[in-house]
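Chemist: If you want the building blocks of each chain, they are given just below.
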Amino acid sequence: MSENVLAEIKNLRTYFHLAEGVVRAVDGVDLVIKSGRTLGVVGESGCGKSITALSLMQLVPPPGRIEEGEITYYRNVRATPSSNVADAINISKLKPNSRQMRSIRGNQISMVFQEPMAAMLPVRTVGSQIIEAITLHQNVSQEEARTRAIDMLARVRLPNPDRIIDNYPFQLSGGMRQRAVIAMALSCNPNLLIADEPTTALDVTTEARILDLMRDLQQEYDMAIMFITHNLGVIAEMADEVAVMYMGKVVEQTDVQSIFFDAKHPYTQALLKSIPQLDDVMSRTGERKRLQTIKGMVPDPYTVLPGCPFHPRCPEYIPDTCNRVVPEVIEVEPGHIVRCHLYASDIPVAQASEDMTL
Amino acid sequence: MTDRIDTYSETQVKTESQDQQPLLEIGSLKKWFPIQRGLLRREVGNVKAVDDVSFYVNEGETLGLVGESGCGKTTTGRCILKAIPPTSGDIWFEDPEMGRVNVTELQHQELVQVRRNMRMIFQDPYASLNPRMSLLDIVGAPLKAMGIARGKDLEERVAHMLELVGLRPEYMRRYPHAFSGGQRQRIGLARALAPHPKFLVCDEPVSALDVSVQAQILNLLQELQEEMGLTYLFVAHDMSVVAHISDRVAVMYVGKMVETAATQELFQAPRHPYTEALMSAIPRPDPTPREKRILLTGEVANPANPPTGCYFHPRCNYVKDICKHEEPVYEEITPKHYVKCHRAAELSLTGMTSLA
Numbered sequence: 005m006s007e008n009v010l011a012e013i014k015n016l017r018t019y020f021h022l023a024e025g026v027v028r029a030v031d032g033v034d035l036v037i038k039s040g041r042t043l044g045v046v047g048e049s050g051c052g053k054s055i056t057a058l059s060l061m062q063l064v065p066p067p068g069r070i071e072e073g074e075i076t077y078y079r080n081v082r083a084t085p086s087s088n089v090a091d092a093i094n095i096s097k098l099k100p101n102s103r104q105m106r107s108i109r110g111n112q113i114s115m116v117f118q119e120p121m122a123a124m125l126p127v128r129t130v131g132s133q134i135i136e137a138i139t140l141h142q143n144v145s146q147e148e149a150r151t152r153a154i155d156m157l158a159r160v161r162l163p164n165p166d167r168i169i170d171n172y173p174f175q176l177s178g179g180m181r182q183r184a185v186i187a188m189a190l191s192c193n194p195n196l197l198i199a200d201e202p203t204t205a206l207d208v209t210t211e212a213r214i215l216d217l218m219r220d221l222q223q224e225y226d227m228a229i230m231f232i233t234h235n236l237g238v239i240a241e242m243a244d245e246v247a248v249m250y251m252g253k254v255v256e257q258t259d260v261q262s263i264f265f266d267a268k269h270p271y272t273q274a275l276l277k278s279i280p281q282l283d284d285v286m287s288r289t290g291e292r293k294r295l296q297t298i299k300g301m302v303p304d305p306y307t308v309l310p311g312c313p314f315h316p317r318c319p320e321y322i323p324d325t326c327n328r329v330v331p332e333v334i335e336v337e338p339g340h341i342v343r344c345h346l347y348a349s350d351i352p353v354a355q356a357s358e359d360m361t362l
Numbered sequence: 010m011t012d013r014i015d016t017y018s019e020t021q022v023k024t025e026s027q028d029q030q031p032l033l034e035i036g037s038l039k040k041w042f043p044i045q046r047g048l049l050r051r052e053v054g055n056v057k058a059v060d061d062v063s064f065y066v067n068e069g070e071t072l073g074l075v076g077e078s079g080c081g082k083t084t085t086g087r088c089i090l091k092a093i094p095p096t097s098g099d100i101w102f103e104d105p106e107m108g109r110v111n112v113t114e115l116q117h118q119e120l121v122q123v124r125r126n127m128r129m130i131f132q133d134p135y136a137s138l139n140p141r142m143s144l145l146d147i148v149g150a151p152l153k154a155m156g157i158a159r160g161k162d163l164e165e166r167v168a169h170m171l172e173l174v175g176l177r178p179e180y181m182r183r184y185p186h187a188f189s190g191g192q193r194q195r196i197g198l199a200r201a202l203a204p205h206p207k208f209l210v211c212d213e214p215v216s217a218l219d220v221s222v223q224a225q226i227l228n229l230l231q232e233l234q235e236e237m238g239l240t241y242l243f244v245a246h247d248m249s250v251v252a253h254i255s256d257r258v259a260v261m262y263v264g265k266m267v268e269t270a271a272t273q274e275l276f277q278a279p280r281h282p283y284t285e286a287l288m289s290a291i292p293r294p295d296p297t298p299r300e301k302r303i304l305l306t307g308e309v310a311n312p313a314n315p316p317t318g319c320y321f322h323p324r325c326n327y328v329k330d331i332c333k334h335e336e337p338v339y340e341e342i343t344p345k346h347y348v349k350c351h352r353a354a355e356l357s358l359t360g361m362t363s364l365a
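Chains X and V, in that order, are what the protein sequence lines are. In short: position in the first sequence from 1, add 4, done, that's our numbering. In short: position in the second sequence from 1, add 9, done, that's our numbering.
Hints listed in this document are in silico derivations from the structure and should not be mistaken for laboratory results. Keep in mind that a hint or two might mislead.
As the list claims (entries may be wrong) - Taking CB as the label site, the calculated pair distances span:
| no. | chain 1 | residue 1 | chain 2 | residue 2 | range |
| --- | --- | --- | --- | --- | --- |
| 1 | V | Y184 | X | V26 | 22 to 28 angstroms |
| 2 | X | H21 | V | G54 | 50 to 56 angstroms |
| 3 | V | N55 | X | E320 | 57 to 63 angstroms |
| 4 | X | K14 | V | D146 | 47 to 53 angstroms |
| 5 | X | A23 | V | Q122 | 29 to 35 angstroms |
| 6 | X | V26 | V | E179 | 27 to 33 angstroms |
| 7 | X | N143 | V | K329 | 53 to 59 angstroms |
| 8 | V | S216 | X | D350 | 43 to 49 angstroms |
| 9 | X | D266 | V | E106 | 37 to 43 angstroms |
| 10 | V | I331 | X | D284 | 35 to 41 angstroms |
| 11 | X | R288 | V | M155 | 35 to 41 angstroms |
No residue lacks a Cβ here, since even glycine has one placed at the ideal position from N, Cα and C.
Please work from the sequences and hints to get the whole structure.
Modeler: Structure representation (structure tokens):
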């Protein structure tokens, strides 16, 4: 498996300018996506995980806009691993409808959405939609594209692909539809597949099969996956690396083992404790346990909190520091980064003047 | 060995001493939706959403009801309150005022009466609250409709309910749009609890919520259960949530009940192959590699045109000839453990093993 960097997001800021104020959906995100690996992105709703992905595809819906930052995509990493610098493209500078962006989107970077019904046009057959994606990006004839589409449907383990290709989306069940959407996303052999909650709308048994399929296809195609979900169970099964997001920022990022067994950020720790664990249920005797909760709730998106965005809910809150100084990225161990004052070598103290005390 | 026998007899004595009349007893509940075709809207068949389901819920306990989408768990919950009239079957409810009543036979006025004591909370906190009603109207609506309170008294009761679910009573005049998903779910809960019911059908109450909010609502449900002596039927598809909150769990597949047992027993030693597959599919928050899971092939059976014999047989890994022709009986295989499978007695299935 290659360790080459396929895409790099640096200090990405995507804001929505609304009449009510500015929503800082993505507020300084740094991420690295390696070829052939799966990056899991977790966080609660509104933390900016989906907007980060949409920024990467230049699909941010207006009035949203990429304000700042760089998204570097190394186009030919898989072809020529040694000379990847030459073909670096800064996606954040491309126009959403530019020729170059369109040649990347759906071709080299493609996406699977949460709701499989919404991702397909209900009035056209499954086949015609996959064929469209193929003929748009690749110089092949209609017949050849059809053969390839049938082949793709077979690869996502759909039964009778030559019949399903002429079916309409409503004729398929939820799980089959999601397979068809994955087939469409993979039809051009992408370098990067962005999966935004691909199994959230599915039942557990169907979910298990789709996750299995995605793992198999990743090995087959050696592609990178950016897997966005709020389900920590799914993250544990799929991800190699995990980024935890809170209010538009990545608060912790490391390999999957460290996230579950050695989480550093208080938010990650609290998140892990707040999910019902089957192990606890199995070992419980008599009295039922309560879950640990995170106090308060995610502030409304217009708020800009001074200091660390998690400080009002944080159990480890350090007065005069967390509510004033924005925490820097700290590398606690090689490859394990966290944005929290607790791990700073010397805790920064704000130049507290009398009138600033709350 | 002797130890084990001792504890066994002890638990048996305990359950026997607790053997009161259950609060809710469902007998052969059926809900069939007719399929109509053509100009004359002739009936050409039925979608058997709930087909011959029987179970009971004891006072003060939580019964979890799980299954994949379309298995009839929500329909079951709705039939219990007669929110949709069942096709046939009995719903015996121990009403504190009216005594033991069969909900299916109740007429309008009595139904209003019984719904003081059996209430419901819904999945979608955005769709289940009228945006044009203030919290006072929403939470006060059942109290007004049932003639329990009005005027100043109503306001006081609403304020008390809001406090109970962790909302500030000052918010009484506000409208639902001002609240987040978790807070709205609290409003829905306050509305359900306003007439001080005995029994609550919780239809996927935390599915639409984020994990940290989900934990808050689950804790609140447990606290209120202890404080008010509530009994829950907890309908959900998330197995870890159900395991956490339920005393007993019932599993449904295509309109039929396939297995019911105490939570730990069901998770550790399932007796139905479908339950086994369901357990195995749960994504667990632990990155340690584990044994290959059981993947089900094929799709869920169509309730309008179910397979012969056991509905699960086309997807079952342990299928035998008898499964294809004869429908198994739903029977008590060990005390309080009900299974609907021909091979329940001979199979040894894998349950959840503790990872620790």
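Chemist: Mind checking the hinted window 43 to 49 angstroms against the Cβ distance between S216(V) and D350(X)?
Modeler: With Cβ atoms ~45 angstroms apart, the hint holds.
Chemist: Would you say the C-beta atoms of R288(X) and M155(V) sit inside 35 to 41 angstroms of each other?
Modeler: Given range 35 to 41 angstroms: holds, Cβ gap about 38 angstroms.
Chemist: So does Y184(V) sit 22 to 28 angstroms from V26(X), Cβ to Cβ?
Modeler: holds, 25 angstroms
Chemist: Is 53 to 59 angstroms respected by the C-beta to C-beta distance linking N143(X) and K329(V)?
Modeler: The hint (53 to 59 angstroms, Cβ to Cβ) holds, given that N143(X) and K329(V) are roughly 54 angstroms apart.
Chemist: Could one say that the CB atoms of A23(X) and Q122(V) fall in the range 29 to 35 angstroms?
Modeler: For Q122(V) against A23(X), whose Cβ atoms are near 49 angstroms apart, the range 29 to 35 angstroms is violated.
Chemist: Given the hint of 50 to 56 angstroms, is the C-beta distance from H21(X) to G54(V) inside that range or not?
Modeler: Given a distance of about 55 angstroms, which is inside 50 to 56 angstroms, the answer is holds.
Chemist: The hint says 35 to 41 angstroms between I331(V) and D284(X); measuring C-beta to C-beta, is that right?
Modeler: Holds, at about 39 angstroms.
Chemist: Hint says 47 to 53 angstroms; check whether the CB-CB distance for K14(X) and D146(V) agrees.
Modeler: 51 angstroms Cβ-Cβ, so the 47 to 53 angstroms window holds.
Chemist: Is the distance from the Cβ of V26(X) to the Cβ of E179(V) consistent with 27 to 33 angstroms?
Modeler: At 29 angstroms between Cβs, range holds.
Chemist: Is 37 to 43 angstroms right for how far apart the beta carbons of D266(X) and E106(V) are?
Modeler: violated, 57 angstroms
Chemist: Quick check: does the Cβ-Cβ distance between N55(V) and E320(X) fall within 57 to 63 angstroms?
Modeler: holds, 58 angstroms
Checked against the numbered hints above, the structure breaks hints 5 and 9 and satisfies the rest.
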